[in-house]
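Engineer: So the chains spell out like this:
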Amino acid sequence: MRSARNPLARLSTEMDGSIDQIFVSTLHRIASLAPPAAQPLVSMLLIIAGIMVVFGSCFALTTIVERKTLGRMQNRYGPNRVGPFGFFQPIADGIKMLTKEDIVPFSADKALHFLAPLVLTVPVWLAFAVLPVGRNMAAIDLDAGILFFFAIGSASELSVFMAGWSSQNKYSLIGAMRAIAQMISYEVPLLLAAMPVLMLSGSLSLADIVQAQPPGHWFLFTPWGLAGFGMFLIAATAESNRSPFDLPEGESEIIAGYLTEYSGFKYALFFLGEYLGLFAVTGLAVTLYLGGWQAPVSFLQWFPSWAWFALKFAALILLFIWARATLPRLRLDQLLNFAWKFLVPLALLNLLVAGIWWWTGRAQFPGLLIRWLVCSAILAAAYILLGRGLKDHKLPPHRYHYAV
Amino acid sequence: MTTPLSHYLLLSALLFSVGFAGAVLRRHAVLVLIGIELMLNAANLNFIAFWRYGPHPEALTGLMFAIFSIAIAAAEVAVGLALVIAIYRHRKTSQVEQFQALKG
Amino acid sequence: MLSEFPFYALALVTLFAAIAAMTLRNLVHCALCAAAAFTGVGALYLLLDAPFVGFAQLLVYVGAVAILIIFAVLLTCAAETGPGIAFSSSWLAGVCAVALVLAGLVLPILMSPSLDRLAPPVAGAPVKDIGNQLMTIYVLPLETIGLLLTAALIGAVVIAMQDKPDAQPASDVKPPPREIADKDLCLR
Amino acid sequence: MEAIVKYLWLIPVLPLLAAGWGALLPRSRKRLAAALAIGSVALSGLLALWAFCATLNPPLIRHYRNWVWFDFGATSLQLGWVLDPLAAVMLVMVTLVSLLIFIYSLGYMAHDDNAARFFCFMALFAAAMLGIVIANSLLLFFVCWELVGLASYLLIGFWFQKPAAAAAAKKAFITTRIGDLGLLLGMLWLYSQSGTLLFYDNGHGCLEQSSLAPLLARATLGGMAVSTGISLLIFCGAVGKSGQVPLHVWLPDAMEGPTPVSALIHAATMVAAGVFLVARMFPLMSNSLNPATGSSALHVVTWVGAITAVFAASIAVAQNDIKRILAYSTVSQLGYMMMGLGVGGVAVGMFHLITHACFKALLFLGAGSVIHGCSGGQDIRRMGGLRKFMPLTFVTYAVGTMALCGVPLFFAGFWSKEEILHAARHWPVSNIPFCLGVAAAFLTAFYMTRQVAYVFFGKPADAAQAHPSPRESPPVMTVPLAILAVLAILVGFLGTPAWPWFQSYLTGEPARFTLGKIFDRPQLNLMFLSTIVIGAAIALGWRIYARAASQTSRDIDPLEKPMPAIFACLRNKFFVDEFYARTLIRWTSSFSVLADWLDRFVWGGAVWAVARLTLLLSFFNNDADESLVNQSFDNGCEGLRNSGRLLALFQNGQVQRYLRVIGVAFAALVLLLFWGCA
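Protein chains in written order, with this note's numbering: chain X, 1 to 404; chain V, 1001 to 1104; chain A, 2001 to 2188; chain H, 3001 to 3678.
Please note that the accuracy of each hint is not assured.
Said to hold, decoys possible - The list that follows gives simulated cross-link-like pairs (lysine to any residue, SDA-like), each with its CA atoms no further than 25 Å apart: (1) X/K341 / A/A2160; (2) V/K1092 / H/G3653; (3) A/K2128 / X/R362; (4) A/K2128 / X/H217; (5) H/K3459 / H/Y3580; (6) V/K1092 / A/G2155; (7) X/K170 / V/T1093; (8) A/K2128 / V/F1050; (9) X/K170 / A/M2161; (10) X/K391 / X/I378; (11) V/K1092 / A/P2121; (12) X/K341 / A/A2152; (13) V/K1092 / A/A2160; (14) V/K1092 / H/Q3651; (15) H/K3170 / H/G3653; (16) A/K2128 / V/R1089; (17) X/K341 / X/R388; (18) X/K341 / X/R331; (19) A/K2128 / X/G361; (20) X/K170 / V/R1089; (21) X/K341 / X/A382; (22) V/K1092 / A/Q2162; (23) V/K1092 / A/S2090; (24) X/K110 / A/F2016; (25) V/K1092 / A/H2029; (26) X/K341 / A/M2161; (27) X/K341 / A/L2148; (28) A/K2128 / X/L348.
Stated by the list, open to error - Sample of chain A residues with no beta-carbon within 10 Å of chain H, all distances over it, derived: (29) E2004; (30) T2023; (31) P2121; (32) Y2138; (33) G2146.
Claimed, not checked - Chain A stretches covered by chain V per the calculated footprint, using a threshold of three residues with CB under 8 Å from any CB of chain V: (34) 2008-2016; (35) 2024-2036; (36) 2047-2057; (37) 2060-2073; (38) 2089-2101; (39) 2127-2136.
FYI, nobody ran anything at the bench for these hints, they're computed from the structure. Where is the CB? At the ideal position from N, CA and C, for every residue including glycine.
Please build the complete structure, drawing on both the sequences and the hints.
Structural biologist: Right, dumping it as structure tokens:
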């Protein structure tokens, strides 16, 4: 692919020994050992391996951190038996998952039942390819990186459907339908929330977006950026089926939804896929609004860029865990109403506000203040008015209809 | 890019024919729609291939045509499927051969 | 030869998926195969140095069209075409027409040597250029497409919307809530 | 000064608002309606007094304010109001008399269910009348004039359930309309000649010299000056409104209305509007080439007035209805005023108008009090001896009578009538109006004596047996009587020869007191003459009727015995009504029959024929349509349908067939391209 510029070529020109570039230089050094013809291939393989190792262990770490945090928040210890403070629990879980019997229901569509977890997990790995996790640290810098990200993300809906339908179980199918409805609904605000960032940075490339947010000028520090960040986080939560939007997997209602008939390694794959999806979208949020690997203020730039990214990333993950521990699950109609009647209009308005912001980009001091006030006032008013519209939503007598 | 243009065109022709065959031969309305989508895809593939192999790749005309074609396909499939569902709701069938209320 | 491998692999996969989509009995399988074919075409776009179109293809076809088709299949309760034959009654005429079309498409390609040319080495289609052209030369089509999509969206919703029951039954006795049967969910 | 001119419009608008509000009130809100009417008129009266005071200073000042009503083409129609002594004195008179009569009506109409409507109409009348007075445009004047006519119509027909009242209302309306037609024509003519209807407009108004001179210069048919023609047409309006011969017939019949209405509208104010019109238009009326003899229009005014005075007075002698006698008396006095205007100018006529308003209102209200006391009876022969039962009414009525008769020195009527006779005596054209005036004065004194004798003296006649105790009216009625009686005495002193304040006020000169003027020889002679004439008339009346008053009503009138033919003629009002019925009304109705016949048969027949012809033609048309147009169209449609049916065989609704056809067509196209290329 031409537009994916060879990262190695670029890195070699910016070689320096600083701790900021330690991963880049190490990669280059290892790759240079290989014969020149194989160098691109080798470095690519190394990068892939790096991503898989880092985010794979991230997955393991997150499961245990989540369980422990939830435990603390619910006044209990959480897992504390395996290893120091129970931190080897993920390993134990992994072994358990791999050795469990792989149950396939008799009437299931075997092929699809097998394919579903793969279709979920493989594309998610791809999504990390465009994520700049540090200065010069994106596997490929695509011109249309963010488009690639969302295009890859659409595979997960198919996989959910495959899982739900192939199980030939009504709870699975209902769960899958819920999940698809939710993901489609929240894909719209997700994209719309990301749109102002693309407008203001003038590029679809994630590297350019990060470049457009020097220290102190993160998009988070603008009214539209703040609103967009909030909406993006909410939509991302829903996209990754996490609490409080976890009703596709609601155990108490539909017995874990489309996951009902999965067990063993396939279940682990689903689990992995979901967490990786969460990581990917969190990384995107960091990139879009929190300046990616950029420091918050310029005098903190001595801190390595990848560490900044990791810090923000970890903070957001903890935020998600906190939300899971705190918020109750929504009803399906509330969920959809919230997307279509609140998030989408607000995101469209946010687009307009971002336009105003761009248009008044040359404002000097007093104008700057007015710009701030006007933009914030528009968003606040819309927030209040739209929020009022959500109140007192009366439900009709509810019946499920899929094919009547 | 050592693949000759004609290979892309042949692939596109086959894809088109497969889609056409599905649209003409299958009974179910949804499958007819899928066939039409395949035909559209084949046409888009042609556009892109001609753009890439054409003398003026910087003009982007083929690319644009493909983009607009994709957008129109989305609209078309939405309306088409809505029609299929509506007909199914009224007639309890989705067999194309039984959709003949509009005969002359 | 090695550099041509991706094209032939993708072409085979795409063609195979398309044929499967048009021949399988189970409609859900058909839809999923169609999604695979769409993905293959998108990958071919990437191969043709048009990543923007390729990603757009994935986003639209896999993310939206395939899902829509699957919903339509489930809503028309037609995962299986049933015991009857899957092909239309006038299949013979159809096959003739398909053969004619295939011939009409393939023969000219095989017969024109000018189409055997190779691609020019560099072709740039940066996203920025696409964006600029969409906002300048192609702004009118773009706006028209926006309008068309809005109209199609509203139209589709209106067409597919469930009709309201004409009159509520006068009696106070409500019909008992219905159990969801497997039949309703198109399960076997 | 300026302030009152600015707010002069409030004077008519206040009662108008009261009328509008009153119209919206339910029937039961009598008190509120009365309070509205009285309050608004009282406020207007205060404003009028203010306006009057503002005009008191000697130099004659005429303030007016004009405004554009609307534009058409290049010209614009202007309306306006004016404040001059003439308007001011009328304002005071109208508001004062109206106020007194409204108060009086409180008592008189207390038992009527529709009193709310009554007060609403009365307020409307007051508004319109005040509008007339302040109008500075003949158009505005005319509008208010017609409103006054409308109010008069509504009030005469107030008891519309009585057929006589309804007929009288109709008669009044139609008769005055004849005069108004003349006024309208005169107005249009005036507009076409002078281009403006404003009276005073900074030197350009139609009553100012710049437009009067050209009017005089132009001649119309018979060599008459245009101004004379216009004046005569306008005078037609005055004749109609003021009940001059020959349009006097409506006024006696108008007595069918409630007595306060008769007093206010048909004695004191509205009928005087005609006189006011002549006074207002006096510059136009007197527009003459020969200042010595006066204009020919004024000659007509004089003759009509003099004849009316005698004519009506003689009829009054033979009437028995108390209000009818007063009505004819009013007609006669209005004739006097007209004569005064003709021979002596604005001041003379207006002075009599003011004094007459006071004492005639007094007389009518007194008559109302009598009727009220006698529970509705109006025949003087059925009354008698009422002075014992109604002393206050009697005293005030006597004052009014003496004022009307012109009893010397102390009563207003004497001075104003003297003024008129004096002017008539010196009229250069003819002596006959003077003689007629003296005759009218004699007759007036005579019939008033007859009436008073019948009503208040003698024994209680049948009325006493029918209604055991005629009673004095409540104070709300007698107090206005008393006030008016005082006025009837005092007003006269404003215009004595010794101190002609009123005359000089109207002309804008300072008044000078010279006692000796009374003793000028011609003046003195005239005063003696009229004293003798009046004394003789009273004595004669008393002698004839003092005895008759105690007789019953079935007896014939004492005058009937010596001269039955003349008396019958008088009693039947010189048969004027019958004459009109035989001639004008019959002609009109015959003409209507003719017009009806024309409409029915000639024009109707023509319409019928055209309709038949159209029907006939439409039959042909229909045939042509059916056989030619439709047939060919049907055939064409049939052909189209057949071909469509043929094509529809192909259109079987199967999508896949269409697709196949497209595929085949595509292949054919490819083939064709190859063929073409090869």
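Engineer: A separate judgement is required for each hint: does it hold in the structure or not?
Structural biologist: Hint check:
1. Pair hint X/K341 plus A/A2160 holds up; C-alpha atoms about 20 Å apart against a cutoff of 25 Å.
2. Restraint check: the Cα-Cα separation between V/K1092 and H/G3653 comes to about 18 Å, which is no more than 25 Å; the hinted pair holds.
3. Restraint check for A/K2128 and X/R362: satisfied, since their Cα atoms lie roughly 23 Å apart, inside the 25 Å limit.
4. For the suggested pair A/K2128 and X/H217, the alpha carbons sit about 23 Å apart, so the restraint of at most 25 Å is met.
5. Among the hinted pairs, H/K3459 with H/Y3580 is inconsistent with the structure: their alpha-carbon atoms are about 40 Å apart, more than 25 Å.
6. Only pairs whose Cα atoms come within 25 Å are accepted, and V/K1092 paired with A/G2155 is accepted, the gap being roughly 21 Å.
7. Distance check on the hinted pair: X/K170 and V/T1093 sit about 23 Å apart at the alpha-carbon level, within 25 Å; holds.
8. Our distance criterion of 25 Å between C-alpha atoms is met by A/K2128 and V/F1050, whose separation comes to about 21 Å.
9. Between X/K170 and A/M2161, the direct Cα distance comes to roughly 24 Å. Compliance with the 25 Å bound is thereby established for this hinted pair.
10. Among the hinted pairs, X/K391 with X/I378 is consistent with the structure: their alpha-carbon atoms are about 21 Å apart, no more than 25 Å.
11. Restraint check for V/K1092 and A/P2121: the C-alpha separation of about 55 Å exceeds 25 Å, so the hint is violated.
12. Taken as a hint, the X/K341 and A/A2152 pair is honoured in the structure, with Cα atoms around 20 Å apart against an allowance of 25 Å.
13. Pair hint V/K1092 plus A/A2160 holds up; C-alpha atoms about 14 Å apart against a cutoff of 25 Å.
14. For the hint linking V/K1092 to H/Q3651, the alpha-carbon distance of about 23 Å falls within 25 Å, and the restraint holds.
15. Restraint check for H/K3170 and H/G3653: not satisfied, since their Cα atoms lie roughly 82 Å apart, outside the 25 Å limit.
16. Annotation: proposed proximity of A/K2128 to V/R1089 is violated, straight-line Cα distance about 46 Å (limit 25 Å).
17. Distance restraint check for X/K341 and X/R388: the Cα-Cα separation of roughly 11 Å lies within the 25 Å cut-off, and the hinted pair is therefore satisfied.
18. Only pairs whose Cα atoms come within 25 Å are accepted, and X/K341 paired with X/R331 is accepted, the gap being roughly 15 Å.
19. As the CA atoms of A/K2128 and X/G361 are separated by approximately 21 Å, the hinted pair is consistent with the 25 Å bound.
20. For the hint linking X/K170 to V/R1089, the alpha-carbon distance of about 22 Å falls within 25 Å, and the restraint holds.
21. This hinted pair checks out: X/K341 and X/A382 have alpha carbons roughly 12 Å apart, not beyond 25 Å.
22. Taken as a hint, the V/K1092 and A/Q2162 pair is honoured in the structure, with Cα atoms around 14 Å apart against an allowance of 25 Å.
23. In summary, the hint linking V/K1092 to A/S2090 is supported, as the alpha carbons are separated by about 22 Å, within the 25 Å threshold.
24. With a CA separation close to 20 Å, the supplied pair X/K110 and A/F2016 stays within the 25 Å bound.
25. Distance check on the hinted pair: V/K1092 and A/H2029 sit about 22 Å apart at the alpha-carbon level, within 25 Å; holds.
26. Distance hint between X/K341 and A/M2161 is fulfilled; the C-alpha atoms sit about 18 Å from each other, no more than 25 Å.
27. Among the hinted pairs, X/K341 with A/L2148 is consistent with the structure: their alpha-carbon atoms are about 22 Å apart, no more than 25 Å.
28. Distance hint between A/K2128 and X/L348 is fulfilled; the C-alpha atoms sit about 23 Å from each other, no more than 25 Å.
29. For A/E2004, the non-interface assignment is confirmed: its Cβ lies about 29 Å from the closest Cβ of chain H, beyond the 10 Å cut-off.
30. Listed as outside the interface, A/T2023 is consistent with that label: its C-beta sits roughly 16 Å from the nearest C-beta of chain H, beyond the 10 Å cut-off.
31. Interface exclusion of A/P2121 from chain H stands, the closest Cβ pair being 31 Å apart, more than 10 Å.
32. The Cβ of A/Y2138 lies farther than 10 Å from every Cβ of chain H, with a closest approach of about 28 Å, so its non-interface assignment holds.
33. Against chain H, the non-interface label of A/G2146 holds: every CB pair exceeds 10 Å, the least being about 29 Å.
34. Residue count for the region 2008-2016 of chain A with a Cβ under 8 Å from a Cβ of chain V: 3. That meets the three needed, and the coverage hint holds.
35. Counting residues of the region 2024-2036 of chain A whose C-beta lies closer than 8 Å to any C-beta of chain V gives 4; at least three are required, and the coverage claim holds.
36. Counting residues of the region 2047-2057 of chain A whose C-beta sits closer than 8 Å to any C-beta of chain V gives 7, which meets the bar of three, so the coverage hint holds.
37. With a cut-off of 8 Å between beta carbons, the region 2060-2073 of chain A has 9 residues touching chain V; three or more are needed, and the interface restraint holds.
38. Three residues within the 8 Å Cβ limit are the bar, and the region 2089-2101 of chain A against chain V gives 7, so the coverage statement holds.
39. Interface restraint, the region 2127-2136 of chain A with chain V: holds (4 residues with C-beta to C-beta distance below 8 Å; minimum three).
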